[in-house]
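Residue numbers (our numbering), protein chains in the order written: chain L, 1 to 630; chain V, 1 to 502; chain H, 1 to 99.
Note that these hints are calculated values from the structure, not bench results.
Since we're looking at a predicted model, the values are computed, not measured.
Glycine included, each C-beta is placed from N, C-alpha and C at the ideal position.
If we take Cβ atoms under 10 angstroms as the criterion, some of the chain H residues that face chain L in the derived model are:
{"id": "1", "residue": "Val23"}
{"id": "2", "residue": "Ala27"}
{"id": "3", "residue": "Ser95"}
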Amino acid sequence: MLVNNGLVYLIALPLFGSALLLLAGRRADRWGHLFATAMSAMSFVLGAVQFYEMLGRDAENRAVTQKLFTWISVGSFNVDAGLLLDQLSICFVLLITGVGTLIHIYSIAYMDHDKDRRRFFAYLNLFIAAMLLLVMGDSYLNLYVGWEGVGLASYLLIGFWNQKPAYATASKKAFIANRVGDMGLSFAIMIAFATMGTVSFIGVKEAAEGSSQGALTAIGLMLLLAATGKSAQFPLQAWLGDAMAGPTPVSALIHAATMVTAGVYLITRSNFIFDAAPTAQLLVVIVGAITLLFGAIIGTAKDDIKKALAASTMSQIGYMVLATGLGPVGYAFAIMHLLTHGFFKAGMFLGAGSVMHGTGDEVNMRKFGGIRHFMPVTFATFGLGYLAILGVPPFAGFYSKDKIIETAFYSGGIKGILIGSIALFGAALTAFYMTRVMILTFAGTPRYDINNPPHESSFLMLLPMGILAIGSVTSGFLLARGEALVHWLEPLFHAHEGHGPEILPPVVISLMALTVVIIGATFAWFKYGRGPVADTAPTNVSIFTRIARRDLLQDDFNESVFMRPGQALTRLIVKTDDVVVDGTVRGVAAATLGSGAALRTSQTGFVRSYAALIVIGAIALIAAIWAVTL
Amino acid sequence: MNYLTLIMAIPLLGAALIATLPQSKSLLAKQFALGTTLIAAVATIFMTTKFERSNTALQFVESYDWIKAFGIKYAVGVDGIALVLILMTALLTPIVVLAGWNESEGGRWSTKTFYILILVLQTMSFGVFAATDVFLFYVFFEAMLVPVYFLIGGYGSGERSAAAVKFLLYSLFGGLLMLASIIALYVLSGEQGGHTFDIEALSQLEMSSTTQNLLFLGFFIAFAIKAPLFPFHTWLPDAAKSATPGTSVLLLGVLDKVGTFGMIRYCLSIFPEASKTFTPLIITLSVISILYGAFLAIGAKDIKRLIAYTSISHFGFITLGIFAMTTQAQSGATLYMFNHGFSTAALFLVAGWMISRRGSSTIADFGGLQRVTPVMAWSFFIAGMSSLALPGLSSFVSEFLVLVGTFTRYPVAAVIATFGIVLAALYILIPVQRALHGPTEPGNENLKDLNLREKIAIAPVIAVIVVLGFYPSPALNIINPAAAQVVSQMGFTDPLPTHGGK
Amino acid sequence: MNPTNYLYVSALLFTIGAIGVVVRRNAIVVFMCIELMLNAANLSFVTFARMNGNLDGQVVAFFTMVVAACEVVVGLAIIVTIYRSRRSASVDDASLLRR
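Produce the complete structure using the sequences and hints provided.
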């Protein structure tokens, strides 16, 4: 494989930016944001150069590597600090640095009034560096470093305003849910090393062919656990909604476009394991299917614009995970949806941020209404994203989501029909909740103080939104034209295997998808678009709505099954340690003291009684000796 | 050159010099102590550069008759494992002196005495890691208790006398069990060709399995108390809570390592068969320690106790690594000892500064420190991240090596131990949230951030944590040959990849 | 004469002394009883020396005498001091160690 010693700079630049901004402290307040943006932009340029060079090589020689140094080497456990940039990584690199740079630019204006803006940019740069390491590491262990690194950045950014206890709790929750997933990644690495003796992607790929079904399934399941943590998939999805506590650019970058898609990357990267472990693969599909419905249902009930979008993210990533579970044909479509989603969801989040910025940090959609009159540009960009996520042709989502639904239907048998239908139903729900968001926010009559109307955001914020909106419109077409992305990624997967029987012509499936989208959107219009919307959430709603508002009881479940028993266990152990373990130690001490005190009473202080005792003792001794010798 | 004797002599000379100072010159005493420990650190670093990494034999060996009649020798020498621990001690002590510049105030005795005790403790720490004569080791092992006893009892806070006595008696109890075993070894060696206390010679002894098991337990319990391993751990939180932060660093960072170091150097080499017999039990205790310590830390309300409990969890990982008997786990365990020294030092020192500023060690009394004292909060956060083994920081490398090495031989133990990483996230993030995040609690508004002296003290610790996280090779290169030697001497080879049965 | 008889005398003297130590309260008398016990032991030593035909027992007897003399010096001094402070020579009154 080709060696390119420049890869490290992609990561080093933002890492340097982060370190410098944090170490320089307040001295960097005036230029920190610009410096960080420059670092991110330079990283993007480097990525683009790599991409250009890669285009110039033929398909087999596109991947480049770089070995930095020997990281850990003990016995047969050898892990280099090595980087790998291949057709898959470059997609992510461009997405991360591209969208990342746009969001840096957006944040310059968005965080203008925050006195800790420099710290915010330091965290953003740290995130970019960690995320790049995640997608460019050449082994599972290197990926792990980036994996936890983005978790740390996410923790810091969710808790950026951690002076509010609820936000601090949200960041902690995200970190811990992620750690549960990380544990899965640890297990996967351990099993890989124990059974294959290597943890590098290339090594595992080679060894996978000769490995037993059991080991591969175990690794696959553990990787899936890792993916569910990072990508907020069922059953580790609960942290994502709370993660919206972070500043909105963070939600756009980390919790929509990039970090949460790391799970999809992990599964795609490990295609050689999942392809060989059908059980694990089936579970991937199931997790994806559950999550896409789960997220969509939550999305229909949320009044907080960011939480509605977060639920939507969860649901869309569910689509991607579903696609990765469909085997070789699905990977490319998962990545395609990931890329288009990166554009339109980041764009919509930035739009939401723009609305919040204009309304004094209001997030409750019931307090919005008719904002399109005051913020036309935001409305336009958000609207384009909306059309993209719905999958309206020719917007981006049409190309990617339709392909996933199609592939799901073609995956064969009852299973295919079932997951295809779920995906289709999810599309209807998506249309419903996104139309609801659009109507509540931008249409209808204002439900706020009309004398203090929202104002359109500054150019620095609108520019990234505009660029992302262009992406939302064109990216799908560009990626799907001539199956560009599929061919691009083909060398990594065995995509030539093709899919199952085409039970319905693709056109019919597209029409079906379009139909359910129209139904969903119309339904939302009937419910919210025709009359005035209450500015507080109605309380006389069905039990289903209430459950959906409570995030399908995910927190209640976690609290009653893990948190409270965990707290009880902690209390029990603390008590046990005090009473039983330390109690024994203290007991020994007390027994020693007590026996001393008891024996002391025999010391009366009367000399004559001591003397008498000596005499009696002497006689007893003599008698004893006598008795023995007799 | 007699490097080991030299580095042991430097602190002792410094202590003698300080003893000649007049009582009133406490600042001079501090400066002398700092200077001495710095010289010792430089000398140790120099010695490390002279160490031949590929050579698995003991190096810098010295041997002189001490008590000829009993075959007792002053014999010292180091392998890679002992060397990194000596290096850790040498690096940590000046940091402790600098960080705890004012710790001796409020003690029963003078500042002079405080630093004499610290320096004497440093000499003994060097000695205990360097000794290759069991009797010499025992002398250092027990004599170390004395300065620590006075450091806790004389300069600590709260119920310092009770904690000091608990520490002393608990440790002495273990020490006496070990003494009995040592005497038995001495007698056995006399029966098999000449009385000796030399480790090499003792490891050649032939013993019945019962004898070996009993003598092993004598050593092991002493080390398990020192380490400390569940269920012998309850002295640690009390001692750590009452001691000054600097003393706590030496206590957890250096003294406790004697326990785990002793397991490698004495339990494994002298009693290989008994070690194998007891391995299932010890692995179980280690796993219990990991989870148990973590739960205790989660439930802790006092920040110093919390750090002590996290250490119990970490020592569980170390003993797990030692007894898993793979090169990865063994190297990981030694590296863990080194890294734990630094990450605990960082935690304790920053916690100490927080406590001395706030006047309370209850976590609930803090709050919002990140806004008031950002540098201090960041230092605590990074130390905490190291404690929860975040990849990119040094503890991750060692923890992962232990886990992956254990997994190849004891998958179930490794899997259960891995749950510790989730608990670690809890026990670090809970105090981080309570103390650093949230609104600034009343009483915390006017806390001062770290001053220059404190920044200089914490910077090298954090530097070591970060650098070894990304580039652990310098440490691993020293440790690996020695660790591999330990594993092969026990007759183990690393399990080969199974390819899942194919 | 059969030396064994000396041993009987020695045992008798020792018993008298021991009983005296236990039953008498006056410190001086107790003290004298102790002297009696010591001298009973001396008598035994000398007798043994005689019976075994060597001088070891006699040497020990001298040791005992020296020890007894030291004891008299220290013991009497204590008794006199106690008497001065308490106006009593009863050993039962001097039971301070109990508390």
